[in-house]
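2 protein chains.
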Amino acid sequence: MANNKNRLIYLPLGGAGEIGMNMYLYGYGPKGNERFILVDVGVTFPDMESTPGVDLIMADPSYIVERADRLEGIFITHAHEDHIGAIGLLYPQLQAPIYCRAFTSAIARNKMERAGQDTDAVNEVAIWPAMVEAGPFKVGFAPISHSIPEASALVIDTPAGRIFHSGDFKIDPDPQVGEAFDPDLMKAIAQGGIRAFVCDSTNVFNHHPGRSEASLPSAITEMMTHASGMVVATTFASNVARLKTLAQAAVDAGREVVMVGRAMNVMTQTALSTGVLTDFPPVISIEDAKGKPREKLMVLATGSQGERRAASAQLAVGKYQGMELKAGDTFLFSSKTIPGNEIGVARIHNLLAEKGVVVVAEDDRYHVSGHANRPDLDRLQTLLNPDLVIPMHGEYRHLREHAELAEANGRKAAIAPNGVMLDITGEPRVVEHIDTGRTYLDGMVLIGAMDGVVRQRLQFALRGHVVVSVMIDEKNRLSDGVWAEAHGLPEPKQGSFDQMLEAAMNKDLEKAKRGVLGDDEAVERLIVQACNRVSKKAIGKKPVCTVLISRMEG
Amino acid sequence: MANNKNRLIYLPLGGAGEIGMNMYLYGYGPKGNERFILVDVGVTFPDMESTPGVDLIMADPSYIVERADRLEGIFITHAHEDHIGAIGLLYPQLQAPIYCRAFTSAIARNKMERAGQDTDAVNEVAIWPAMVEAGPFKVGFAPISHSIPEASALVIDTPAGRIFHSGDFKIDPDPQVGEAFDPDLMKAIAQGGIRAFVCDSTNVFNHHPGRSEASLPSAITEMMTHASGMVVATTFASNVARLKTLAQAAVDAGREVVMVGRAMNVMTQTALSTGVLTDFPPVISIEDAKGKPREKLMVLATGSQGERRAASAQLAVGKYQGMELKAGDTFLFSSKTIPGNEIGVARIHNLLAEKGVVVVAEDDRYHVSGHANRPDLDRLQTLLNPDLVIPMHGEYRHLREHAELAEANGRKAAIAPNGVMLDITGEPRVVEHIDTGRTYLDGMVLIGAMDGVVRQRLQFALRGHVVVSVMIDEKNRLSDGVWAEAHGLPEPKQGSFDQMLEAAMNKDLEKAKRGVLGDDEAVERLIVQACNRVSKKAIGKKPVCTVLISRMEG
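Going down the list, the protein sequences come from chains A and B. Per the working numbering, the first sequence starts with residue 1, numbered consecutively. Per the working numbering, the second sequence starts with residue 1, numbered consecutively.
Next up, chain A with everything else stripped away, as it sits in the complex (with noise of 0.2 Å):
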C-alpha cells in the first residue's frame, strides 16, 4: 500500500522562524513509523518583555518525546547555547544516545551532570568520512569553520539521499583555532549529490562576503599598543579563537594577560583539554597583576552582551576581585551587540563613560561574524550543488530572503518554520503540521509557555494585584468587614486606596441579596465589579484582583 511507503522528513522544532533555541528532527520510515535523530538541542534567552522570571526557555520538545521510542540519536553540532544549552534538561524525556565531537562532549557531560543525568549518554565522535549510524540514518560530522571550537555540519545519509545540515558557519581560510572552511572536502561531500541543504541563515541581510578571523591580530594589535592605560577586552567566552586572538596581541604590545569571568576559563580549560588548543600566551592571575603597571596588562572579561552578572558589568560598575578601571583606561568591545540587548551593552558603555574610560564597540576592525554572509552562503550553494535548498536559523525574514537568494540562483528552495513538517524525499512538500512552542525552565519546573504561569507574572506587573480577604459567618452574613490590600498600585490623591477599596465592597455586599453571600462566585463577582469600578475612578488602571473567602463554620 502507498501508505507503507518510506518518507524522508524534516521537522524543525525550535531555531526556523527565530534565532535561538535550535532543534531539528530528521525521520524516515513509513509515514506513522518513521524513525527519528534529532539535531541540536539549544535554548533561548528569557526576558522582562515576555518572560519575566523564567531561567531558561528551550523548544517545546512533546512531538518527539511522544515517539522517543523511535529517537535514534541526538546529534549536537557545536556548543553554543543555542544548541547544546538544553540537553541536561531534557533528557530525561528524550532518552537517546547523545553523540558529538570532543570538545562539544566536555560541554555535554558537564550539562547532563549539573541536570544530575549520566554523562556517558554522551558519545564522542570522530569526523567525517566517520558515520554514526542510528536506524535508517548514517550521520557524519564535517568540520566547518565557526565562533567556536569544532563545529560541524552533519553529513546525513538517508535511503533517500544525502542531507548536509550546516549548523552555524562561516567561510573562514584561517580561523586561528581550529579547523579551517576545507572547499574540498565540501565538494568531497557533495560528490554523490545531495538531496537537501539545511543551512544557517543569520547573516543571508550582509551583502559584503565574510571576513577571517586572521584580519584581525594585527589591528588589535595596534589598537592594544596605542593604548595608554589598562586594556580591557570582552568576548564570547565560547569564542576560544577570539581569547587567543586577543591575547596574543596583548602579548604582542608588552602587556601581560589577565583572565576574569568564569566562562573564560572553563572554555579555555575545555579547549586545552581537548586538544583543541594547543597553545595560549600565559596568563597571570588578578593578584599578581596588581603589582604592575597598568599599560602593561590586558584583561579578558565575560559579559560582552551586557549582562549585569558578568564581569564587564562589575568593572563597569565598580571593582572586580579588587580590579578596578580609571580614566585613560580602554575597554574594547570585540563583539557585536546581539539584538535586543543594546540597552544592556549601552548601560556599560555609559559606566565607563563615567569612569573616564575609552571605549571601543561595534568596530569591525576588532570583531568578525560566526556566521556566514550572503556571498558565502552562494558559495557553498556552489559547493554542494544541492537539489534543494531549506533555510533554517533565522527569523522568518531571512528563511525567506535565503530561499529567495537561492531560488535566484536557480535551485529549488523551501520555507520550512518550526511545526511545519516537509517531506522531502521527492519533490519537497508540506505534510503536516504540529504544533510547536517553547517550553520554559521555572525555578526548577518545566512549563509551557502557554500554561499561563507567565502571563499571570506579567498581568501583575502591568495592572498590580488587589487581594481582598472576606470572611463570612455560618449563616451567610458578613464577619467584620471585608479587608483589601493593593500591591504595587499608586496611591490616589483623594487618600487610602485600600480604605476606598473596603468601603466600596462592605457596602456592595451589604446591599447584596440575602443568597449572594452563600455563593462563592458571586461574593467574587461583586468584589472584582467593586474593584475595577473604584479603581478605575481613583487611579485609572484596572488591577488583577484575587479574593480569598473564608467560611466559618457553625
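Rather than coming from a laboratory, the hints here were simulated on the basis of the structure. Don't take every hint at face value.
Claimed, not checked - Listed next, the in silico DSS-like pairs over lysine-lysine satisfying Cα-Cα at most 30 Å (straight line): (1) B:Lys-296 - A:Lys-475; (2) A:Lys-355 - B:Lys-412; (3) B:Lys-513 - B:Lys-536; (4) B:Lys-475 - A:Lys-336; (5) A:Lys-326 - B:Lys-412; (6) A:Lys-536 - A:Lys-507; (7) B:Lys-326 - A:Lys-412; (8) B:Lys-537 - A:Lys-319; (9) A:Lys-319 - A:Lys-296; (10) B:Lys-536 - A:Lys-412; (11) B:Lys-319 - A:Lys-542.
What the hints assert, rightly or not - Estimated spans, in silico, between C-beta atoms of each pair: (12) B:Pro-293 - A:Glu-404: 48 to 54 Å; (13) B:Ser-273 - A:Phe-205: 52 to 58 Å; (14) B:Pro-375 - A:Arg-455: 34 to 40 Å; (15) A:Met-444 - B:Gln-499: 41 to 47 Å; (16) A:Gly-356 - B:Val-431: 20 to 26 Å; (17) A:Gly-356 - B:Ile-284: 43 to 49 Å; (18) B:Pro-293 - A:Arg-525: 40 to 46 Å; (19) A:Ala-512 - B:Asp-118: 52 to 58 Å; (20) B:Asp-364 - A:Glu-404: 55 to 61 Å.
None of the values given here were measured: they were computed from a predicted structure. Backbone N, C-alpha and C fix where the C-beta goes; we use that ideal spot for every residue, glycine too.
Since the structure of chain A is already known, use the hints to place chain B on it.
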C-alpha cells in the same frame, strides 16, 4: 556681600545622561533667589524591563516645583514628545506661561486641553530677533532644521551673556518643508559673543557629515516606480517633511496616496493649519483606494518603531480598516529603529515576510537622521565660537564624546548630567548636586520612580505572588486552616503547590508557641518563612508572599 552676587546657573533635570524626557533649567540672580526659565518638558516611554504598566515617564520636576514662584516661563523648542510630552501633566505644578512657535503651540494647546488645563497659558511667539522677556532673561526662537516643523534653537540673553541652546537640530540646507539651516543667522546671533553653547549630542558618534532631506526624493521615487505591488511607507508622524517627500515621490511614481493612522493626519492637518505646510499632494480615503489597482497606491502608515497598536503593526498582522497587504507588495521603513525597539520592528518585518511582502528597512537611501553628526557639531561650534560648550541630549557616553570633541578643537567644555548644577557666570563650575529622577504617569496618578510601586510589580513578575489568608479566633487560636493561593507560579511535579504551602504553614502555626498567634507580625513572619522554605524546595523560586490575617472578635 559675596553671597548676594548674581549668578547664572544651568541645571538639567532630564535629557542629560539619557536620550528622552528633556527638561533644562536656567537661573539668574543671587544664590537661593534666582529667577528661572525652564526649557522643554518632555517624556520618555516605558518598557517591560523597568516600568511595566507605566503610561508615561517624565523628569522629576521637584526642584523647580518647589521654586515655582520664581519660574518666569516655560520655553518649548519643538513638538517632539521628548520635548513637549509632559507639558499638560506637569503644568498644574509649574503654572508659568508657556512660549513656543505656531506649530508647537498647536500641539501644546492640544496637550493642555487633554489634561484639562488652560490652553491660554500657551503663547505663540515670533522668531528671533523677537525676544520674550522672562525676568532677567530674554529669549528668542532661532529657526533651525530638524525632523519636525519649526524646530528652534533658543537665544537666551542674560546679564552674564548670551546662551545658545540648540534644541534638537541638524544642518540641512534644504529640508523640503520649513526653514533651512542658515549659517548667516547663526553668525548674526553669535556676533556679540556666546557665553555657552548648550548642544544636542545625539549623533556625536557618527563621523559622516549629515545628509539633507533633499537627498531622498529621487531615490524614493525610483524605488516606488519599480515596486510591483502596493507600497506602504512608514516614518515618524511628526516628520512632516518626510510625509511630503514620500507622498510626492508616490505621485511622481504614478501612485495615489492614502494616509492611515491618526497621528499622521493630526500632524499634517496641524502643519497645514499653521501654515508650515503650504502644499501636500492629494490624499484619497481608504474607501476610495479600494477600487484602485494596488500598484497605483502608496499608503503612509504610522508605527515605524514597531508600536503594536499603530497602523503598520495592524497591517502586518492582518487588516487595517479593510486594507490588507499581499505577496509582492512593498513595505518601506523610511526611518531608523530607536535602540530598544529592535525586537518590535523585527516582529513586523517577520510578519510581513510571512505574507510575502518585500520589506525595505534600515536603508540610508530612504532615510536621513534629524540630528547633527560629528562634523556638523564641529561646524556649528565654529559658526558660534562659544566661550563654553555644554553637551546635552545624550547618554553619558555621548556627552563625554561631545565634550572631548569640543576640547580637541581647543574649546572649553563642561559635562553636566541630570542634577548637576553648573555656575556658568565665569569659569564653569559645579556648585550643587540636586536629587533628580523620574516621575511616572501610572494610570491617572503621578508617582516617583523610587516610590516602590513599580518595583513591587516587577517583583510579582519575577517571583510570582503567594497570597495567604489566616483566621484567628478571639482566643488566639487558628480557626480552620490557612488558605494559600499561589499566583503566577508553576505546579511542582509532586502535586498541588497550594496544598503543600497550606500543609507547611498549618504545621508551623500549630507548633508555634501560644503568644505567637496573638502577634500579627510573628504570624506573618512564620508564614513567609514557610512559604520560602516550601517554594525553594518544590519549585526553586522565592515568591512574594502576602499574608492577610483576620481576627474574629469575641
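Do the hints match the structure? See the list:
For the proposed pair Lys-296 of chain B and Lys-475 of chain A, the alpha carbon gap of about 74 Å is over 30 Å, so the pair is violated. Between Lys-355 of chain A and Lys-412 of chain B, the direct Cα distance comes to roughly 20 Å. Compliance with the 30 Å bound is thereby established for this hinted pair. Distance hint between Lys-513 of chain B and Lys-536 of chain B is fulfilled; the C-alpha atoms sit about 25 Å from each other, no more than 30 Å. The straight-line distance between the Cα atoms of Lys-475 of chain B and Lys-336 of chain A is roughly 66 Å, outside the 30 Å bound, and the hint therefore fails.
At most 30 Å may separate the alpha-carbon atoms for a hinted pair to count; Lys-326 of chain A and Lys-412 of chain B meet this at roughly 23 Å. Our distance criterion of 30 Å between C-alpha atoms is met by Lys-536 of chain A and Lys-507 of chain A, whose separation comes to about 18 Å. At roughly 23 Å between alpha-carbon atoms, Lys-326 of chain B and Lys-412 of chain A fall within 30 Å of each other, so this suggested pair holds. Among the hinted pairs, Lys-537 of chain B with Lys-319 of chain A is inconsistent with the structure: their alpha-carbon atoms are about 34 Å apart, more than 30 Å.
As the CA atoms of Lys-319 of chain A and Lys-296 of chain A are separated by approximately 19 Å, the hinted pair is consistent with the 30 Å bound. With a C-alpha separation of about 53 Å, the suggested pair Lys-536 of chain B and Lys-412 of chain A falls outside the 30 Å cut-off, and the hint is violated. Of the supplied pair hints, the one linking Lys-319 of chain B and Lys-542 of chain A holds, its CA atoms being roughly 28 Å apart against a limit of 30 Å. A beta carbon spacing of about 24 Å between Pro-293 of chain B and Glu-404 of chain A contradicts the range 48 to 54 Å that was offered as a hint.
Between Ser-273 of chain B and Phe-205 of chain A the beta carbon distance is about 42 Å. The supplied range of 52 to 58 Å is therefore violated. Under the hint 34 to 40 Å, the C-beta atoms of Pro-375 of chain B and Arg-455 of chain A, about 49 Å apart, miss the expected range. Taken as a hint, the range 41 to 47 Å is violated for the pair Met-444 of chain A and Gln-499 of chain B, whose Cβ atoms sit roughly 18 Å apart. Look at Gly-356 of chain A against Val-431 of chain B: about 22 Å separates their beta carbons, and that is inside 20 to 26 Å.
For the pair Gly-356 of chain A and Ile-284 of chain B, the supplied restraint of 43 to 49 Å is violated, since their beta-carbon distance comes to about 57 Å. Taking 40 to 46 Å as the suggested C-beta distance range, the pair Pro-293 of chain B and Arg-525 of chain A does not conform, at roughly 54 Å. The given range of 52 to 58 Å is broken by Ala-512 of chain A and Asp-118 of chain B, whose C-beta atoms sit roughly 44 Å from each other. Checking the proposed 55 to 61 Å range against Asp-364 of chain B and Glu-404 of chain A shows it is violated: the Cβ atoms sit about 22 Å from each other.
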